Amino acid sequence: MSSITTQPPEMDTHQISSSIPESQVLIIMTGGTICMQRSPSGFIPARDFQQTCLAKMPIFNDGSRPSVGMDVVVNSSGEKRKYASLRTPPSLYDRQVRYTVFEFEELLDSSSIDSKGWAEIAQTIYNNYTLFDAFVVLHGTDSLAYTCSALSFMLQNLGKPIILTGSQAPMLELQNDASDNLLGSLVVAGHFMIPEVCLYFNYKLFRGNRSTKVAASDFAAFDSPNAPPLAVTTSMRTHVNWDLVHRPTSIENFSIRTNLDTSHVACLRIFPGIKPEMVDAVLQLKGLRGLVLETFGAGNAPGGQDNAMTKVLASAIQRGIVIINITQCLTGHVSPVYAPGMTLFRAGVVAGQDMTTEAALTKLAYLLAMPDSTPESIAKDMAISLRGELTSHSQTVFRHPEGGLSERTTTLTALGYAIAQGDLDKVKDLLKGANDWVVNDSDYAGNTPVHIAAHSPSLEILRYFLLQGASVHLRNSAGRTPLFLAASAGLMDHVVLLRKSGAHLHADERAVAEMQARRRPGIWALAGVGARSMKERDELENSNRGDGTEHANKIPEAVLVTMDSLPIEILQLICKYTGDISEVSLRSLALVNNDFYYAALPRIHECAAIKFYDHATLESAVNEITATPRWKHYKAHLKQLDVVTIPEAWGRLASPDTHVEPLRTPKFEKFVNMSEFIPDAANSNLTGKFLTQWRTPSLDATEPAPLLYTEENWQPLLELLSTLNRVEILNYAVGNSFPRCLLQALHQYHPTCQLNIWSYQNIAPDRPGLGNLFEIDLIRSPCLHAIKVVYPRGYARELGMTVSQDAIISLLMRAPNLRHLQVRSISGGSSIVRSNEEWERFLASFEPTTTTSAHLLTFCFNGEFGNEPIVAKWEEYFDFSNLRALDIGRIKSVSNVVKLFSRLQKLERLFINLADPISLDLNHQSVFRKRISAIGAILEYHGKSLRGLILEPDRGWYDEGRHHHSYPSLGAEDILTIAKEAPCIRDLRLTVERSKGDHDERLFYEALGMFPSLQNLTLDLHCKPRPSDLGHGATLKDGASWSKHRARLETAFINAAMDETLAKEIWNAIYSKQQKEKLQSLRIVPIGWDVFSHRAEQNIVFHLSRPFLLWKSGPEFDLKVVELGHDERELQVEIETINFYRDNMTRSPPKRLQRLIRSLWGLSESQMEDWRLHWKSFPLDP
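Reading the sequence shown from the start, the letters are residues 1 to 1182 in our numbering.
Note that these hints are calculated values from the structure, not bench results. Treat the hints with care, as some may be off.
What the hints assert, rightly or not - List time: in silico DSBU-like cross-link candidates among lysine-lysine, alpha-carbon distance up to 30 Å:
| id | residue 1 | residue 2 |
| --- | --- | --- |
| 1 | K1073 | K1176 |
| 2 | K1112 | K1078 |
| 3 | K1078 | K1044 |
To be verified - Taking CB as the label site, the calculated pair distances span:
| id | residue 1 | residue 2 | range |
| --- | --- | --- | --- |
| 4 | D306 | R269 | 29 to 37 Å |
| 5 | S620 | R257 | 21 to 29 Å |
| 6 | R726 | I274 | 44 to 52 Å |
Quick caveat, the model's predicted, so the values are computed rather than measured. By construction, the Cβ of each residue, glycine as well, lies at the ideal position given by its N, Cα and C atoms.
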């Protein structure tokens, strides 16, 4: 038996097709010594580098002068420009490299580069990814290794070579290394499909995140101490070590992550005698989230007297700071073989293995920027090789030698037969005993295994090769990519899979593809090309030649793109935006043609809702999914499943025979959606939607509570979960505690599913853990992503003590992946006090854990008046450092609020209720103004980061149980101040105290137009004078002076009257003051109708208070207006009318109200018979 050889083939022709005459490479010039030239004031950048330097050198210019320029995308908006190009002479492989140089407008200083510069480079590569075969980046050498490492993580699922290079001496100097470095980079990039970010210097190609600068002036300035070079250039050829090449092993498209930020990480080098206080000073830096610690030898550091140094590090780790241990040595790795290193390991310091400092620092910054990252997940990922940045070990495989043919020929031939026969097991066996590079090796016709699999029957074999790191960008001897072959064979599923893996047609294939698309537009649309007439294409080519020929039908510069020529990505994007607006519109769009049908299919079937209230309706709801022809599409594409029980009716409908029936009808059920139960704060983080939905005020007087499901039979839902392919999100809004059987089904069939529980779970039963009560396993489940919990709290008089929250917090802290938490406390604490000891025994019965506090993204607390001390208590236990949305409910102490917000970091969305005292007489006005000033204090800390702000009205109670609405009474000047302090706010909700449309009210609306980034706005328009206007204890009963009461009613009717005309006026007042016309939607929601004690007055104001949605897709589009919840309101009016007038024997308002209505709108006797059809709003004052 002999081990498999690890040597590559004698020639690297398996990566090259000699029949392809040239490859296309984009050189991105960012700056650096390589492009400098002499000047009287010293070295300066040589602008127009291609013409100034490269065009004059025969090794970079064969003199062919390509007549057609190369398209280069020059900005993120997709603008393309033609750039002149050059060709290298033919290489040893009889291939040329055609290239052009794209220069940054503002060259980057290598010693001053930061994440912004890295993002610019990554974005340029992303914009041009489908136009070029490879990319070469010219860069200064000072920070070249850092940039290589950063880009290796920022460029995700990379499938093409990215090679960075520079020089120690400028190219225009007599003695330089620039020419060899750039030429070597071009040759490697244009000839070898190495899908990595690499660094080429002094004839060696290094993996970018393994390289480091080792010499300040030597030409051999870079090395890769812990990893051999990927390739070496000699006088004969370029030797590529294919066994070392790292390839993507997931089926995902190429993407970039540009939010890498090194401002939250630091690097510290340990030295003899370093004091713990020095290290602690670094770790106490504001905003620090990660530290790279360069230690002695194999990872050793002084513990300090009484282990002071270790304690400092352990304390920082407990605060959520991730510390990575890297050796100061040039070679070797961190290993806790000595006691000092083991002490660091036990304290929680993460071993960085053999990573370079540059790789460790940029990888840490990359992982910290990942959504939902936690110190635990970062520590885990730091030990895993993501881009080949650290050494991972593999086992050696042995087998008997075979036959007389070379191993390469034997393996490729056997693979070809296995693929053609659809034998996946045989393919796996062959790859198990072969070298890694065989997945990208090619046969006599230049076909790789992926080329063969692309037009073979088995989709699973193609998927398997892609998961092994096979390239989708290689071309065979005929110049064809696997995607072209799959589309030509008409294999739709193969095309979709290749596209998901980042495949695209090469520029040289598109002309032929466009011709084939005439006959089969559907399959070629999936491949990214549509049919275009030969005449149109010929005219376009002639116009590009610039030969002065006039055409009868000259094509304009912006060629009209028809629906059948749109690539699949554009079709899917159209479907996404259409689906966000209306599912009905999306279904209509799917009927346009086959291309739209296949693009819309996943979107239409990615979400489903199970709405029920008993076992029969549960079975029926499940059957609506599984027992229809659409089931196969749901099974393949469903990602989100909503499970909700229909809430009890908010009202009851009286029939003519006075029999009262629950308001649970098909007309009502269609109004019930999961959005009714998701807090706005959580919804903004989960879906990115903020203030995009509004429950109709007629039906949301109280938060809807889902119905209790009284049966224990969940079998229909369990069977559905067992048959779906992949559920990524399960939203649950059922009155029951989450059942154990559903949790077990998720763990078994969808272990990575995010579970969001939007019905309150009582976590404080008298006897926890028993019966159908709250399950501790739910909290410990890795699926749990969001939850709403309720617990009793208060003062137990019989025991003379206050209920402690510690047991509740201790329980919730056990949730490993909890990101969204809403807590509501209710009065009464005796029961939990009696069971506090039982709670302690209950929690102690579980195995001790090293659980750290959850890293919440959303926290909502709703309790009694004055929530800020309670929120501060929760902050002591939970990690709020990553908090992005906070709903604090009702606050009381301004100083406590300011202290709380001073500790939080960069909130993006804030929901706050600045509730005023029960009555606002003169003694309380100053107190309330202080609460308004709290807004300014909050904006001092978070104004620049805020993207969304809700200052919601508080729906409280006063005299005899009637409602009132309290809120900050803001004026135009207050709005201008907020707009200045929070310029990035995109989503805003405020309450407006209407004043009959006078000039001050108009100024308020115009001030809203001064928010520079405002896109979505919700205005709660309060129609009713506040209690302070009535005097303390005043009421609106019939016994009050009618003249005063009439005046108040007249004001309320005028303020409440809202129709489309007034809604447009308010929009225009805001929109006319916007400099950039960014406003996209405005929701106008009149409130205050429910404060009236007299039912007839309440019904009139309710009818006048019409909510509207206004939206505009862009400055060039027309404004659209729709009344919100019209059907719901009519149903509510019917209920109120029947219930109120059933005993009064009449459906007309009282005479006194009829006279007021007639005087306000000048209605005749006949019009008064149905006055609801003849009223209108009152205009704003100019």
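(request) Of all the hints given earlier, name the ones this structure violates by number, lowest first. (result) 3, 4 and 5
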